[in-house]
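If you want the building blocks of each chain, they are given just below.
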Amino acid sequence: MPDNVVVRDLCKRYGGTEAVGGVSFAVQAGEIFGLLGPNGAGKTTTLECLLGLREPDSGHLEVCGVDARRDPRTAKRKLGVALQSTALPDKITPREALRLFGSFYVDRIAPAALLERFALTAKADAPFDSLSGGQRQRLTLALAFVHAPEVVVLDEPTTGLDPQARRELHDEILRIKRDGKTVLLTTHDLAEAEQLCDRIAIIDRGRIVATGTPGELVARAQGKQSISLVTDRPLAAALWAGMAGAAEMSCVGATVSFRTADANASVAAVTALLAEHRVELIELHVRRASLEEIFLGLTRGGAAVTEATP
Amino acid sequence: MNGLGEHLKLSVRLHFRNKLALIYGYLFPLIFLVAFWVLYRHEKVPLLRHMGELLTVSVLGGACFGLPTSMVSERERGVWRRYRLTPLPTWAFVVSTAVARYLIVLSAGLLQLGLALAVGMTLPEHPLGLFVAFTFVSFALIGLGLVIATLADNVPAVQALGQCIFLPMLIIGGVAVQLASLPTWAQQLSAFFPGRYAVEAIQASVSGDGLAGATFSLPALALIGVAGCIAGTKLFRWDSAQRFATRSGKLWLITVFAAWAAVGVLAEWQTRVSARVAAEMAAAVAVAPISKEKPWLALTSKDVAQLNFRVPSDFGVVSPYAAPDDEATDYTKDEMDNVRRELPTWRPGLRGDDVQRVRNLLCVAAVPDAIQMPIERYLPPVVLQQLEDIYPRDQLIKILTWIVLHPDDGTIVDNIEALGVQGSAGDPSVVRERSYLYALKFIIRLTGRDRR
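One line per chain: the protein sequences are A and B, in this order. Note that our numbering gives residue 287 to position 287 of the first sequence, counting from 1, and the numbers run on in steps of one. Note that our numbering gives residue 134 to position 134 of the second sequence, counting from 1, and the numbers run on in steps of one.
No lab work stands behind these hints: they were computed from the structure. Zero decoy hints are in this set.
Simulated DEER-style distance windows between Cβ atoms: (1) A:E18 - B:T90: 24 to 30 Å; (2) B:E268 - A:C11: 49 to 55 Å; (3) A:C11 - B:I31: 55 to 61 Å; (4) B:I31 - A:G65: 56 to 62 Å; (5) B:W185 - A:E18: 51 to 57 Å; (6) A:G16 - B:L20: 40 to 46 Å; (7) B:S313 - A:A124: 56 to 62 Å; (8) B:F16 - A:C11: 42 to 48 Å; (9) A:G65 - B:K250: 33 to 39 Å; (10) A:D129 - B:K250: 31 to 37 Å.
Because the structure is a prediction, the values reported are computed rather than measured. Every residue, glycine too, gets a C-beta built ideally from N, C-alpha and C.
Input sequences plus hints: build the corresponding full structure.
Structure representation (structure tokens):
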């Protein structure tokens, strides 16, 4: 599959502060690609440079084969964008907004069709300031589609939505993918990223610290298995502390949890220890590290780069 | 350019959905008009002399406040950021926004004109010229509005910047206060403000020589407008996060200052300031329609009857006239006695033909009124008595009628210090205007109209 979005060695400084320092990633045609990172990590700057809202200091930006720095107007014709930090005039109606934004492009979809697709027909002639958060978000998304773009960029699309609106928007994003479009989205929500994205890039302090599918990131994370257990009576914390291969040990009464790099060995050691002290095991859970745990690990205090891309 | 047209249409439509914008854009200009109407109610043709000022104030309000307020508030909310994600170029949004504002101020101007006509103003002398002049004025001031929008980081900053430009332009820029009323330094300074050229260009088409009378103003406005639009486009900011202080290309502002300075220097060089003041003075008395020419002796009672006898109240600020039972203070009585004693031998009252002599004697009432002295209301009866002592009643009525019909003829006297009343009227046009009003009031009394 060709790459519909290419970001290579992107650098951007604000005065003496480096916002983005050599970010590179590519989004293949037809995939949903998630850009994850904590606040101030550089994902918004990366996105804004790609969309032509900011001039990068250096780097290569490409949208559907078009050099976005040399020919931003052509690149913008291929992009449909829903940014969280944009708005519409208070008194504009969804129908007017769709007609207006459609008029900026040669090929456009009729407002009525978009109103229906994004469930806004009933509010077609209501002023923007009377719409609910979900309706506004759907309108923002509809505006990204007025010219049937090849690449859709969504900036934290579900922020502030109630669970129902959020689920509807997820369905819509998956529909975009089914329509063969490429989606680049940013989000804080790791569950959302895991549910929607084909691939993910985690960005921290202006650099990509990991890329890969959600499964690959989780599978390749080392030392992230989590073991928790409950016994019929508490065992001295000193005994647990001496167990080989355990990290981040926590003992609260008869409940114990820790992390391990080798789950098999740790489970064997636990059962041996309990048998030795004649303590009965009531519950035992072994689970993989979640994406959230990986994210926190990677974006905390200068973690090493984990490259999971095949 | 389908996008440009659609954005233009929508901008105008959204303006009419904004109640606050409607109040600022339409109600305020109408309030200004009513205020001017009341202020200059004694003028023979209502508002005719002030349409330049009124329309300029409307455009100035729409351009210096309406346009940048709307642009900056939308920028703060992220609307312009959304527009920037589209392939339409910057200039297209700037053009569409400016044209939309032009249509809005044009509609406000038409509303003002309609109301002015409804209260008795005559049709502008050059309607097409007025449209052209109004367009030039709008272009210049909208350019200025674009610059304010680029300078201001937020809406309060627009208000502050707008006031910094609006108020000086109104007060010492020849927009709300006529240049002739200003001190010389302010008259010179006004040459550097576009407001005075706006008033000049519009007024020339309303009651002057049309565009032929605006051969300097129109190019001056065009230059100021081009400079504003270039700087406004070059410095255009899509994003409120991008502060003006950190923006590159600030040198484009020099274009604006250079245009204002060039126009001002050229105006000074061509001594256009004094020319405008002279024109204002002439205009102040040229509002009365002139009847067909004939010597004053040939005037008939029909000519007298056709005069417009609308005059200010005797008890008002303009052309007051003491009632018979209104007793003056002792000091004023002494002054009046002195005037009464000196008036028969007062040289201007003896100089020239009959019309000029009466004109000079009318100044004895007009000058204290112009200066607003305590004696002002007591002198008109003294002057009328003196005139009746000199001329037979019929003859006096004809001379006064002639003066009313030809208020800008002859010369006037700007002080009556020889009669013991100190002070000088700085603005000769005011003395002419008050002489005209007292001539009418004398005719009213001489013909018994005050008793009807």
